[in-house]
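Enquirer: Between the sequences and the hints, there should be enough to build the whole structure, so can you do that?
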Amino acid sequence: MTPLLEIADLHVRIGSSHILQGVGFAVAPQGVTAVLGRNGAGKTTTLKAVLGIVPKTGTVRLDGEEIGGLPTHAIVRRGLGYAPEDRNVFAGLTVTENLRLAERGRGPHRYDLVYEMFPELRQRGAQRAGTLSGGQQQMVAIGRTLLNDNRMLLVDEPTKGLAPKIVTEVADVLERAAREVPILLVEQNLALVRRIADHVVVIEQGIVVHTGEADSLLSDPDLTRELLGVA
Amino acid sequence: MLLALTGLGLGALYFLIASGLSLIFGLADVLNFAHGLFLAVGAYGTWWSSAHLGLGFVPAVVFGVVAGTATAVLVEMLLIRPLYRRTIEQVLVTVGLSLAGVALLQAGFGADPLTFPRPEWATGTTRVLGAIVPNDRFLLIGAAVVVLVAIQVFLRRTRFGLIVRAGVEDRTMVTALGINVRTAFTLVFAIGGAAAALAGALAGVYFGNVSPGQGTSLLIFAFIVVVIGGMGSVTGSAVAAVLVGLVQQFTSFYAAAGVGEASVVLLLAVVLLARPGGLAGRSA
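The listed protein sequences derive, respectively, from chains D and E. For the first sequence, counting from 1, position 101 maps to 101 in my numbering; every step adds exactly one. Every number in my numbering is 231 more than the matching position in the second sequence, counting from 1.
These aren't lab readings, by the way, just hints derived from the structure by calculation. What you are looking at is a predicted structure, and each value in this text was computed from that prediction instead of being measured. Just so you know, nobody snuck in bad clues.
Okay, the calculated beta carbon distance ranges per label pair:
no., chain 1, residue 1, chain 2, residue 2, range
1, D, A74, E, F481, 49 to 59 Å
2, E, R317, D, G40, 20 to 30 Å
3, D, R122, E, G355, 53 to 63 Å
4, E, F481, D, I14, 50 to 60 Å
5, E, P313, D, R122, 40 to 50 Å
6, D, D149, E, G373, 44 to 54 Å
7, D, V209, E, L504, 45 to 55 Å
Idealized CB from N, CA, C, for every residue including glycine.
Expert: Written out as C-alpha cells, the structure reads:
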C-alpha cells in the first residue's frame, strides 16, 4: 500500500536542544497511525514539524509531493487538518466563529457532520469558546478538522485531561472519522490506542525505535514495557 | 464642559493613532515606532493637496488618508515583512524610519510649522451648557466614534476581522487552520495607516498647523494609550484614550501645563500596577 504521508530524516533543533534526530516513518492512506513514546520523546514536535510550525530539516511528502519547504498555511491547505495538544481554541471567539474560521476554500463545509458528531456545538454556538469545558473545547478542536475535506488529520493527545466519559466519546468520534480519513494520532492513552489504532510508531529521544502493527506491539507486554515503560 | 470636550477631542486624536498601533502590535507583534510617519504623511498630504491642488477640506483629507495608507502598506511590505520575528531589527528599522521621515519632511517642507487649511465651520464655536466650545472638538470626537464603529464592524462582521481577532489571540493556530496570516498583517497596517493619517489631518485642524515632529510627539501619548488599554485591544484603546485625554486636560488646567503630561505617566503606572495587562488585556 503506497503511504499517504512519508517523513524522512526529520531534525528539529530548538535552542541548544536537538529534539528530533532523524525521525522517519510512513503513514498509511487509511486507518489510524498512532505515534507513541514517553513524555518529551518528540511526538508533538513531530506533528508540528510536519506542519511547519517549528523549523526543521528533512523531507515530508504528502501523496508523493514534497511539502516540507512550504509555509504552514500552504501545508494545511494541501489537506491536513490539525487538532493540537492543548486544543488551542480561540477563547474570545464564539464556538460558531471558531468553526467559521476553520472553513477553507468555498466548501462545501461539513457542518452537518460536525453537528451530528457534536450536537452540543450547535447548542453552544453563541458561547465564547474560552468558557467551554475541556471536553467541549476538544469537540471544537476536532470539529474544525472535520469541517473541511481533509486528506489526513493530525490529532495530538485528544484525551489529555478529559473525564473518562468524554474520553469514550472522543474515541467514538475518532473511530468514526477514521473510516473517512486517515489519522496520525499522538496519544498516551494506550487503551484508546488499542481500540482505534491500526499502526504504531514509537519515538524515543527524537528517534523512531519501532514501527509496526498496533496489535502486535500492544499484545506484547514485554515489548510495550521496554518501549513505553508501561504494560 | 469646555475642558471635558477638549479632553475628549484630544482623547479622540490619541485613539485614532492608538487603534492602529494596538492592532498592529496585537496581531503582528510589531512595535511600530514609524506610526508617527503615517500621521505626518496624512497631515502633509492634506496640507499639500489643499495648497497645491486646490482641493476642498474633505477631498484634501481623503487625499492625505490615501497617502498615509499607501505609505503604511509600503512600509509593511518592503521593510517590516522581511523582519517578522526579528524584534530588535524591527525596532531599529521603525525608529530609523521615524527619524528619517521627520528629516525628509523638514527637507521637503521646512522645519517651521505650516498653517493648516481649516474649513470655515471648524473655526466657529458652539455653546454647550453655557460653555463656548470650538467646533473642531466635535469633528475630532465624531471622527473617532466613526472610526471606532467602523473598526468594530470590520472586526465583528467580516472574515478578515475574524482572522485579526483570532490572530491577536494565537497567530500560530490561525496559520495551522490554513490561513495566510501575512495578508492580515498588511491589512492591519493599512487600517492603522489610514486611522493615523486621519489623525494627522485632524491634528492639523486641532492645532491649526502642521510640523514635521508632530507625529512623533503625539505617538508617545498613543503608546501610553495602547499600554493602558491593553496591547491588541481596540476597545481598550478607546477607553484609555478618553481617560488620558481627560486627565491630561484637567490636570493641565487646574495645576500647570507640564503636570498634564506627568499625570498621564502616573495614570499609566497606576493602571499597570493594578492590571499589568492593561484595561482590556490581549483581545481585539
